[in-house]
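Novice: Dock chain B against the given chain A, drawing on the hints supplied.
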Amino acid sequence: MILYFLSIALLILLAPLLLSYIKATKMWLLFKRPISIFQGYRDFSKLLQKESVISQESSAITYYAPFLVLSPLLITLFFLPPIVHNAYYVSFVDAFTITGLISLSTFFLMLLGLDSGSAFGGMGSSRESFIAALVEPAMVLTVFSVSLMAGNLGVGQAGVNLAEHFPKEHMASFLFSGISFFILLIAENGRIPVDNPDTHLELTMVHEAMILDLSGVYLAIVESAASIKFVIFASLFASLFMPFGLEFTAPIAILIFIFKLFLIATVVALLEVNTAKLRLFKVPNLLGLAIVFAFLSLITFYVLGA
Amino acid sequence: MFQFDALSLIFVLLIALGSIPNLFYSSGYLPHIERKAHYQLHYFTFILSMLGVVVAANGLVFLFFWELMSLSSWQLILTEVKNKETIKAARFYFIMTHFGFVFLLLFFLIITDGDLHLGFVQMQSIAKDFTYPTLLFFFMLFGFLSKAGVVPLHVWLPYAHPAAPSPVSALMSGVMLKVALYGFFRFLFDVLYPWPLEWGIVILTLGAISSLVGVLYALSEHDIKALLANHSIENIGIILIGFGMGMIFDTLGLATLSTFAFIAALFHIFNHMSFKSLLFMSAGALLHQTHTKNMEKYGGLIKSMPVTAFTFLLAAISISALPPSNGFLSEWMIFQSMLGSSHMDNTALKLAIPFAIFALAMTGGLAIACFVKAYGITFLGLHRSNNAKHAHEVNFLMRSGMLMMAAVVVSLMLFTPLYIAWFDQVFVSLGKVSVYQQMFPDGIWNIHSVGTNGGVVSPLILLAALIGTTALMLFAYKIFGVKSRLHRTWACGYKTSAKTQYTATGFAGPIRRFFSWLYKPNEHFEKQRIAGHETKFSTSHYEVHVKPLFETLLYDSVATLVNRTSYWVYRLAHFEQTRYAAMIFNIMLIVLFSYRVFSHDFSWATFVLEGIVMLISVKILIIGDKK
Numbered sequence: 001m002i003l004y005f006l007s008i009a010l011l012i013l014l015a016p017l018l019l020s021y022i023k024a025t026k027m028w029l030l031f032k033r034p035i036s037i038f039q040g041y042r043d044f045s046k047l048l049q050k051e052s053v054i055s056q057e058s059s060a061i062t063y064y065a066p067f068l069v070l071s072p073l074l075i076t077l078f079f080l081p082p083i084v085h086n087a088y089y090v091s092f093v094d095a096f097t098i099t100g101l102i103s104l105s106t107f108f109l110m111l112l113g114l115d116s117g118s119a120f121g122g123m124g125s126s127r128e129s130f131i132a133a134l135v136e137p138a139m140v141l142t143v144f145s146v147s148l149m150a151g152n153l154g155v156g157q158a159g160v161n162l163a164e165h166f167p168k169e170h171m172a173s174f175l176f177s178g179i180s181f182f183i184l185l186i187a188e189n190g191r192i193p194v195d196n197p198d199t200h201l202e203l204t205m206v207h208e209a210m211i212l213d214l215s216g217v218y219l220a221i222v223e224s225a226a227s228i229k230f231v232i233f234a235s236l237f238a239s240l241f242m243p244f245g246l247e248f249t250a251p252i253a254i255l256i257f258i259f260k261l262f263l264i265a266t267v268v269a270l271l272e273v274n275t276a277k278l279r280l281f282k283v284p285n286l287l288g289l290a291i292v293f294a295f296l297s298l299i300t301f302y303v304l305g306a
Numbered sequence: 001m002f003q004f005d006a007l008s009l010i011f012v013l014l015i016a017l018g019s020i021p022n023l024f025y026s027s028g029y030l031p032h033i034e035r036k037a038h039y040q041l042h043y044f045t046f047i048l049s050m051l052g053v054v055v056a057a058n059g060l061v062f063l064f065f066w067e068l069m070s071l072s073s074w075q076l077i078l079t080e081v082k083n084k085e086t087i088k089a090a091r092f093y094f095i096m097t098h099f100g101f102v103f104l105l106l107f108f109l110i111i112t113d114g115d116l117h118l119g120f121v122q123m124q125s126i127a128k129d130f131t132y133p134t135l136l137f138f139f140m141l142f143g144f145l146s147k148a149g150v151v152p153l154h155v156w157l158p159y160a161h162p163a164a165p166s167p168v169s170a171l172m173s174g175v176m177l178k179v180a181l182y183g184f185f186r187f188l189f190d191v192l193y194p195w196p197l198e199w200g201i202v203i204l205t206l207g208a209i210s211s212l213v214g215v216l217y218a219l220s221e222h223d224i225k226a227l228l229a230n231h232s233i234e235n236i237g238i239i240l241i242g243f244g245m246g247m248i249f250d251t252l253g254l255a256t257l258s259t260f261a262f263i264a265a266l267f268h269i270f271n272h273m274s275f276k277s278l279l280f281m282s283a284g285a286l287l288h289q290t291h292t293k294n295m296e297k298y299g300g301l302i303k304s305m306p307v308t309a310f311t312f313l314l315a316a317i318s319i320s321a322l323p324p325s326n327g328f329l330s331e332w333m334i335f336q337s338m339l340g341s342s343h344m345d346n347t348a349l350k351l352a353i354p355f356a357i358f359a360l361a362m363t364g365g366l367a368i369a370c371f372v373k374a375y376g377i378t379f380l381g382l383h384r385s386n387n388a389k390h391a392h393e394v395n396f397l398m399r400s401g402m403l404m405m406a407a408v409v410v411s412l413m414l415f416t417p418l419y420i421a422w423f424d425q426v427f428v429s430l431g432k433v434s435v436y437q438q439m440f441p442d443g444i445w446n447i448h449s450v451g452t453n454g455g456v457v458s459p460l461i462l463l464a465a466l467i468g469t470t471a472l473m474l475f476a477y478k479i480f481g482v483k484s485r486l487h488r489t490w491a492c493g494y495k496t497s498a499k500t501q502y503t504a505t506g507f508a509g510p511i512r513r514f515f516s517w518l519y520k521p522n523e524h525f526e527k528q529r530i531a532g533h534e535t536k537f538s539t540s541h542y543e544v545h546v547k548p549l550f551e552t553l554l555y556d557s558v559a560t561l562v563n564r565t566s567y568w569v570y571r572l573a574h575f576e577q578t579r580y581a582a583m584i585f586n587i588m589l590i591v592l593f594s595y596r597v598f599s600h601d602f603s604w605a606t607f608v609l610e611g612i613v614m615l616i617s618v619k620i621l622i623i624g625d626k627k
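Residue numbers (my numbering), protein chains in the order written: chain A, 1 to 306; chain B, 1 to 627.
Accuracy of the hints is not assured; some may be wrong.
[What the hints assert, rightly or not] For each label pair, taking beta carbons as the anchor points, the in silico distance ranges come out as: (1) A:28 / B:352: 26 to 32 Å; (2) B:13 / A:51: 49 to 55 Å; (3) A:168 / B:608: 55 to 61 Å; (4) B:411 / A:13: 37 to 43 Å; (5) A:274 / B:480: 20 to 26 Å; (6) A:200 / B:487: 17 to 23 Å; (7) B:550 / A:36: 57 to 63 Å; (8) A:30 / B:520: 40 to 46 Å; (9) A:168 / B:351: 31 to 37 Å; (10) B:536 / A:200: 24 to 30 Å; (11) B:444 / A:13: 45 to 51 Å.
Hints were generated in silico from the structure; no laboratory data involved.
Backbone N, C-alpha and C define an ideal beta-carbon position, used for all residues, glycine too.
Looking at chain A on its own, in the form it has when it is part of the complex (with noise of 0.2 Å):
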């Protein structure tokens, strides 16, 4: 139990930092200075100091819904699969129902989105829902194949029966269903390919148009909900297609996960040097590669049974 919560808080800290490192990597990439992997943690520090300016168009949502953005992904991090073999887990809720409380956090953002009356949040509301619903059929089929092979519906049980038994015999599907999961960690996400986080430049960014009304607190919420749904992604990810690693003790368990985080975390920085953002109408063709791998993956299994 006492394994349980730190590796809840373990998430929760490394939620900043993770994304902080991402950057520090691109930069770093880039041949610029690169800044501070604690920067997440200045900024949040800083922005709760801060005197948040609301709206005078605004209305209660305003009020309301950075805690609504925050609290289905806090809840959604009790359900991940563990991190250590021997620690508690919830292992019986599925996948559906986080899938559906991030969806819960991305209603309410889309909504503070419009709240403020301008054009920017309807912008990146509008653009967050066009790929929002394009996601959902993608992330459903590539549960449904994991948990096939895995043999549980419950995420928390997936993860653990992974990595007690590999499904070696399903390799490619396994496969399929990786590649297909790592572009919805992109999509989701908004990194590069799908959404450009540093800009704030009207033709490209859909996550920052949202918030762009946003200050103080209310933007600190907001900005480690967004870093806590990256943790969220890549943690499920490292349990579900990286299941190794859990057999060791707590300490080495724990030192091999984050290595497996901040592995996947510079997957992400290296493949965000290396693309250009995509035009909005091309993003549909990313994620129905998402969809194609995930249906391709589903009729391995079943047909080849491989």
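Specialist: Structure of chain B alone, referenced to chain A:
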């Protein structure tokens, strides 16, 4: 004459839950209506006739109440008779509902052997002896599902529901469509059981197509009530996906999974009744205050109409299937039953089900987009018109109607185990296996899927956790006393005004562009340029109309075909009487031959022979020699 078995009673409960809050709302809405006596008479007839349909025990009573239901709702659509659009919508509804009625009548005449007083049990033996059960199935499909609004028989819905007064739209969309589904379920279970595998697949396919088509057209809609009507098509599709899965599992002998899928479908029927009624009531409140159904004229209404905004938000979360709402729970059950398809032996079917999963998931994603649009454009931002500026909260009766319906939504969320126990009873009484114990093996906290290694969801814990976390954070926020200040919206130096906000058209823009192969949008764009500049203009006007594909393709082309044929026949009859007489002779031949095929044994040899005879006679007598 009447019967009160479990299936009837559960639909009586549905009608009661749907119409009691509606009574309050309706009496609050009454001052808005001109022809009060006409409205009241038909309103109560409508509710009573729906009750009559679900408790009818023989064909005659069923058909009587069914027709009464159709006619009273038709009159209710005509409440605001001065509007030309209303008359058109009512005529369309009248034709479509009687199109379905013809098939129902044929269905009943066949399964009762002409004696409409027979009970449902006696019908079963007659139906068993009938040579073509699939024909009966298709009669039912046309008869009941044209009323329920399944693609491609859905075209009347987006016209008829917005035209009716809002309490009636809530009843029609929330309850009447479900009564149509009741008829479908009742006769499938009582009369046509057992089903071949193909029927289930047909239902599943229709459901998947309906759900996608419904939500896609809803997204392109700016009339708030038409948007909701399109969402009814979507939700009927979702219900049919669940029901079709149940039928498939039933024929494959997976008894527990089939009951699970049926329960999911019935649960979604209840959920859709609750949130769709609530949405239509809120839309009615908006219409009542702003006198327009156009979403582009709303905006910022959350400040002046907080109760309406709250109820709409609750229903929007529920219809978007976001946890822990009741809509999520039933959609979760339908997903779980589809994931149960991995237990099937039929590989082709196993490979086909993921496409239905894809359709349902896509529908969910698009529904979220649609309701962000509907809620955000309507209630958030700045007032987009003077009508919205002068709106204020509706009267007490309407508010209490909405709050009562909100309570129904919440009760479906909180007391899921109770409702599921009832649904389970219904299917046990229809001779299915009970799955309640398997769904709730350890108390009411967790809902388990019945598939092996299926998923689990714990709605109450989720709800408590969500409320708890949010409250904790809000509490912390209050305690720390964060400084905040009001200021105008920062829009990068530009001034924010009602005109610079995103519109509903703009919001759906990316999706409309992506699906332009379906929408075939018709765009008009004009701007008054200043001194010939391309980018500087004083006024601009953009309009986009989405062509309803099914209407133009199926209905308009049928109308054209009928027109042309009738012109051809007219020409023959007036100018070439010999060929006209020959045509009559041919029609008589067709009737005779088809009677033989229909009521005697079918054999390919005679069928081909008759076909050749028909062809020769048509060629010689009607078409004649080429000149």
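Novice: Now tell me, hint by hint, if it's right for this structure.
Specialist: Here is what the structure says about each hint:
{"no.": "1", "hint": "A:28 / B:352: 26 to 32 Å", "result": "violated (49 Å)"}
{"no.": "2", "hint": "B:13 / A:51: 49 to 55 Å", "result": "holds (53 Å)"}
{"no.": "3", "hint": "A:168 / B:608: 55 to 61 Å", "result": "holds (57 Å)"}
{"no.": "4", "hint": "B:411 / A:13: 37 to 43 Å", "result": "holds (40 Å)"}
{"no.": "5", "hint": "A:274 / B:480: 20 to 26 Å", "result": "violated (43 Å)"}
{"no.": "6", "hint": "A:200 / B:487: 17 to 23 Å", "result": "holds (19 Å)"}
{"no.": "7", "hint": "B:550 / A:36: 57 to 63 Å", "result": "holds (59 Å)"}
{"no.": "8", "hint": "A:30 / B:520: 40 to 46 Å", "result": "holds (45 Å)"}
{"no.": "9", "hint": "A:168 / B:351: 31 to 37 Å", "result": "violated (23 Å)"}
{"no.": "10", "hint": "B:536 / A:200: 24 to 30 Å", "result": "holds (25 Å)"}
{"no.": "11", "hint": "B:444 / A:13: 45 to 51 Å", "result": "violated (36 Å)"}
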